[in-house]
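Q: So the protein sequences, as listed, match chains A and B.
Mind the numbering: the first sequence is residues 1 to 111 in our numbering, read in order.
Mind the numbering: the second sequence is residues 1001 to 1115 in our numbering, read in order.
Some hints could be false.
What the hints assert, rightly or not - Going by beta-carbon spacing under 10 Å, a handful of chain B positions derived as facing chain A:
| hint | residue |
| --- | --- |
| 1 | Ser1018 |
| 2 | Leu1019 |
| 3 | Phe1105 |
As the list claims (entries may be wrong) - Restraint ranges, calculated between C-beta atoms of paired labels, are given here:
| hint | chain 1 | residue 1 | chain 2 | residue 2 | range |
| --- | --- | --- | --- | --- | --- |
| 4 | B | Pro1039 | A | Thr28 | 26 to 34 Å |
| 5 | A | Thr81 | B | Pro1039 | 20 to 28 Å |
| 6 | A | Asn75 | B | Ser1081 | 42 to 50 Å |
| 7 | A | Leu111 | B | Leu1073 | 29 to 37 Å |
| 8 | B | Pro1071 | A | Leu111 | 31 to 39 Å |
| 9 | B | Asn1082 | A | Asp66 | 40 to 48 Å |
| 10 | B | Arg1010 | A | Val13 | 29 to 37 Å |
Derived by calculation from the structure, the hints in this document are not laboratory data.
Ideal Cβ placement from N, Cα and C applies to all residues, glycine included.
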Amino acid sequence: EDKVVQSPLSLVVHEGDTVTLNCSYEVTNFRSLLWYKQEKKAPTFLFMLTSSGIEKKSGRLSSILDKKELFSILNITATQTGDSAIYLCAVNTGTASKLTFGTGTRLQVTL
Amino acid sequence: SAVISQKPSRDICQRGTSLTIQCQVDSQVTMMFWYRQQPGQSLTLIATANQGSEATYESGFVIDKFPISRPNLTFSTLTVSNMSPEDSSIYLCSAIRGGASEKLFFGSGTQLSVL
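My request is simple: use the sequences and hints to build the entire structure.
A: Given below as structure tokens:
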């Protein structure tokens, strides 16, 4: 059975801190790994990673994939209160484009 | 990216009743999916909505409980039938425009509470 595990489950940091969120996976057929931010109901897309070692960056957020060790990290620098959300990691196993999601990391950024 | 409209946004329903959730995409997409997110849990795929044919359900989900329609490339409905409190969840419609390398986009979600 395909499995995606995220850590930590929750995290509270002060504004300005840097955080690293982790995602490890065990799947039978890997095509890509995706990160989403969920603030209310709808997850919004952050990154899609397909190749090892290539960092994707968008503003204060960045992510990288290690296909040998089967994990990815999402970094957020200089955190702001608006970064407070659940961050979801998902793996596309290539089976009809279905995604297997991790349980998410709940990030709270305080003043 | 695709814009996905979903309605209703939220509903409170009585046990034993059914609710139909609608999903409209602003442009043609190749694949549409329905996910469920139970309180405190991550997203679980219910089924792939196939255009013009029966949906493909994941293990643990059946057509009698979650009938799905997709009459064209931009519209799908999910019905939650004979509801119980355990069906209280967020239901999310999602879509991919291209192939498996495309990213999945989500609708605005439906917050369902069953009393």
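Q: Does each hint hold? Answer for all of them.
A: Going down the list of hints, with the structure as the test:
| no. | hint | verdict |
| --- | --- | --- |
| 1 | Ser1018 | 21 Å, violated |
| 2 | Leu1019 | 16 Å, violated |
| 3 | Phe1105 | 7 Å, holds |
| 4 | B:Pro1039 <-> A:Thr28: 26 to 34 Å | 29 Å, holds |
| 5 | A:Thr81 <-> B:Pro1039: 20 to 28 Å | 24 Å, holds |
| 6 | A:Asn75 <-> B:Ser1081: 42 to 50 Å | 44 Å, holds |
| 7 | A:Leu111 <-> B:Leu1073: 29 to 37 Å | 46 Å, violated |
| 8 | B:Pro1071 <-> A:Leu111: 31 to 39 Å | 49 Å, violated |
| 9 | B:Asn1082 <-> A:Asp66: 40 to 48 Å | 46 Å, holds |
| 10 | B:Arg1010 <-> A:Val13: 29 to 37 Å | 30 Å, holds |
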